[in-house]
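Asker: Protein chains in written order, with my numbering: chain Z, 1 to 279; chain L, 1001 to 1279.
All clues stand as given, with none of them false.
What follows is a set of in silico ranges between Cβ atoms, one per label pair, in the way DEER data are often shown:
(1) Z:Asn93 <-> L:Gly1043: 44 to 54 angstroms
(2) Z:Ala223 <-> L:Thr1002: 18 to 28 angstroms
(3) Z:Met1 <-> L:Gly1090: 49 to 59 angstroms
Straight-line C-alpha distance at most 27 angstroms; calculated DSSO-like pairs for lysine-lysine:
(4) Z:Lys184 <-> Z:Lys195
(5) L:Lys1195 <-> L:Lys1241
(6) Z:Lys179 <-> Z:Lys193
(7) Z:Lys65 <-> L:Lys1065
(8) Z:Lys209 <-> Z:Lys195
(9) Z:Lys185 <-> Z:Lys195
(10) L:Lys1017 <-> Z:Lys65
(11) Z:Lys17 <-> L:Lys1065
(12) Z:Lys184 <-> Z:Lys241
Hints were generated in silico from the structure; no laboratory data involved.
These numbers come from a predicted model, not from an experiment.
Even glycine gets a Cβ: it sits at the ideal position worked out from N, Cα and C.
Protein chains: 2
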Amino acid sequence: MTIENISVNKSFGGWQKQYSHQSKTLNCAMRFAIYLPPQISNGEKVPVLYWLSGLTCTDENFMQKAGAQRIAAELGIAIVAPDTSPRGEGVANDEGYDLGMGAGFYVNATQAPWNRHYQMYDYVVNELPAIIEASFPVSNERAISGHSMGGHGALTIAMLNPERYSSMSAFSPICNPVKAPWGKKAFTAYLGKDKATWRNHDASELMRKASQFIPAKVDQGGADDFLAEQLKPEALEAAAKVNGYPLELAIHDGYDHSYYFISSFIEEHLRFHAQHLNK
Amino acid sequence: MTIENISVNKSFGGWQKQYSHQSKTLNCAMRFAIYLPPQISNGEKVPVLYWLSGLTCTDENFMQKAGAQRIAAELGIAIVAPDTSPRGEGVANDEGYDLGMGAGFYVNATQAPWNRHYQMYDYVVNELPAIIEASFPVSNERAISGHSMGGHGALTIAMLNPERYSSMSAFSPICNPVKAPWGKKAFTAYLGKDKATWRNHDASELMRKASQFIPAKVDQGGADDFLAEQLKPEALEAAAKVNGYPLELAIHDGYDHSYYFISSFIEEHLRFHAQHLNK
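Full structure from sequences and hints, please.
Answerer: This is the structure:
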């Protein structure tokens, strides 16, 4: 379990770092970013917020654009951002931005040629936290969040593993991928044509049937171009209502799908997670 | 004076926008970014902070990475970020990242082939503010800041035009370009070999001789790779001391030349400018 440091930048009294490592799960070299808050200097073990990014992103977008370090430094929370897919020579790819590299969709592919590398679910749930908890001064308290495809990833991974996360949140998540073009394309490629397997990775389906609840917060821009066709927060809201799931969902007038939306509300998400991480 | 809107993103209750326009000064199409804070909805005319970026940057880097909108929204300050040089087909360029496109150095070139387009000093001092003040609900109160090459630009432009700016600040500025490789290369190309013309665009030279003072704040990372050879804050500090110039200069241990440094301290800069803009 060797990890190699690529970069370090001091940020708000803490450290923004990038690492690469050979992933056994994904069968390729992977990169991740981690923000370590100043509290670790006191020998404190800090909890971790996992951030899952959206289509076309890498481990860098959130760390450069969201402005989360300021609040993480105040609250004493580490943030870990993995890449959004396996990458490299020999890794299957597609011409579209919404399949293949940059578009792993946080599932374990069962279909060729994707199944050799595209195991992002196992990577995010198991391999990456094991590496993080063995390599950095962090506790095993975890929260999870993400944007768009990564919002889908955060909600589905948390609901499939409620014992592993104190809370979950998302910006502009793909709430009902089994009914959205992005989800249908990716799930067909990665999981095959049997829609029963798709439903196990659909946040609205999982929320309707969940028996163990964790606190959930979702924010969505009202001027998001992808809102009606791809994101469908109304499906998530309906599922929460049916099942009594503790979901705080808000639509924000005029905000779009960009990091300008995320940066405007990231502070609320970090404070929400801090509350449930007992920070 | 026609400007064309390229994009709008809601951000912290205000509006992040990009525009293009045909610059008479630069003799080419130019792009700029503007953040308009929510206070303009009340019919308020807000002051403007001009931000000048560093080598290789465009109008976008600061707006995406510095996290300034949160504080600008609170304080009611607009921020304007021009591009760092003229651009386009027919605009002279160089293979290096430190000369030509992305490296205008905020001077008026007098030497061929640069003099046809590279007139960034006049653009920032005159043409751009005239456009901004005619097109947006802003007052004619101005402050100016920047990073690296843009820090050099902010300090020199403010000291050459102290009646136009309430305050000036910089992150990691090139404080003494007449003695730094970046400055020598750019000034030789744009201004020619006569070093008397160079000194008129050297922040340390200007600060030593200034007769009209405006409040100045400079922050520098102590782990900045460019510190000793290119940036030379000690020259600026010495000049301020000799002349009694009101300069607040701080070196921050462990911080580097990146936007992770800028984002960590941008709040202090905005509050500094707000104080002198009577906000």
